[in-house]
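Trainee: The sequence shown begins at 7 in our numbering and counts up by one.
To be clear, the hints were calculated from the coordinates, so they are not data collected in a lab. From the three backbone atoms N, C-alpha and C, an ideal C-beta is built for every residue, glycine too. Be a bit skeptical, because a hint or two may be false.
[Claimed, not checked] DSBU-like mimics (lysine-lysine), calculated; alpha carbons at most 30 Å apart, straight line:
1) 38 to 54
2) 23 to 38
3) 54 to 23
4) 38 to 56
5) 23 to 56
[Claimed, not checked] If you anchor each label on the Cβ, the simulated ranges turn out as follows:
6) 74 to 54: 18 to 24 Å
7) 26 to 67: 16 to 22 Å
8) 29 to 71: 17 to 23 Å
9) 24 to 69: 24 to 30 Å
10) 30 to 74: 25 to 31 Å
11) 30 to 68: 18 to 24 Å
12) 54 to 31: 17 to 23 Å
13) 24 to 68: 15 to 21 Å
14) 74 to 41: 26 to 32 Å
15) 23 to 52: 25 to 31 Å
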Amino acid sequence: MLLYISGEGERRSDSNKICLFCLEEDRAVVFKPCRHLCCCHNCLPNFKNKPCPICRTPIQGSQVVFLS
7 MLLYISGEGE
17 RRSDSNKICL
27 FCLEEDRAVV
37 FKPCRHLCCC
47 HNCLPNFKNK
57 PCPICRTPIQ
67 GSQVVFLS
């Protein structure tokens, strides 16, 4: 887990922003209906006709999101 300290003394973790599968890109896809955010847009095709890798709920759709 990577932990960074900002100039204001606040601590934040960037490891929870990284795709759980390629470990390279930022997470950017929310699965519906469970609303888990766990993969990047490049890894999304790997989940066609598969359940959510976190909760095993059948994926009925997805939404690309942008986190700041």
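Trainee: Does each hint fit the structure? Answer for all of them.
Mentor: Hint check:
1. 38 to 54: The hint holds at about 13 Å.
2. 23 to 38: Judged against 30 Å, a Cα distance of about 19 Å means the pair holds.
3. 54 to 23: Holds. Residue 54 to residue 23 sits at ~22 Å (cutoff 30 Å).
4. 38 to 56: It holds: about 12 Å lies between the C-alpha atoms, which stays within 30 Å.
5. 23 to 56: Satisfied, since the Cα-Cα distance of roughly 22 Å is no more than 30 Å.
6. 74 to 54: 18 to 24 Å: 28 Å, violated
7. 26 to 67: 16 to 22 Å: Since the Cβ atoms of residue 26 and residue 67 sit about 19 Å apart, the hinted range of 16 to 22 Å holds.
8. 29 to 71: 17 to 23 Å: 19 Å, holds
9. 24 to 69: 24 to 30 Å: 19 Å, violated
10. 30 to 74: 25 to 31 Å: 19 Å, violated
11. 30 to 68: 18 to 24 Å: 19 Å, holds
12. 54 to 31: 17 to 23 Å: 18 Å, holds
13. 24 to 68: 15 to 21 Å: 18 Å, holds
14. 74 to 41: 26 to 32 Å: 19 Å, violated
15. 23 to 52: 25 to 31 Å: 19 Å, violated
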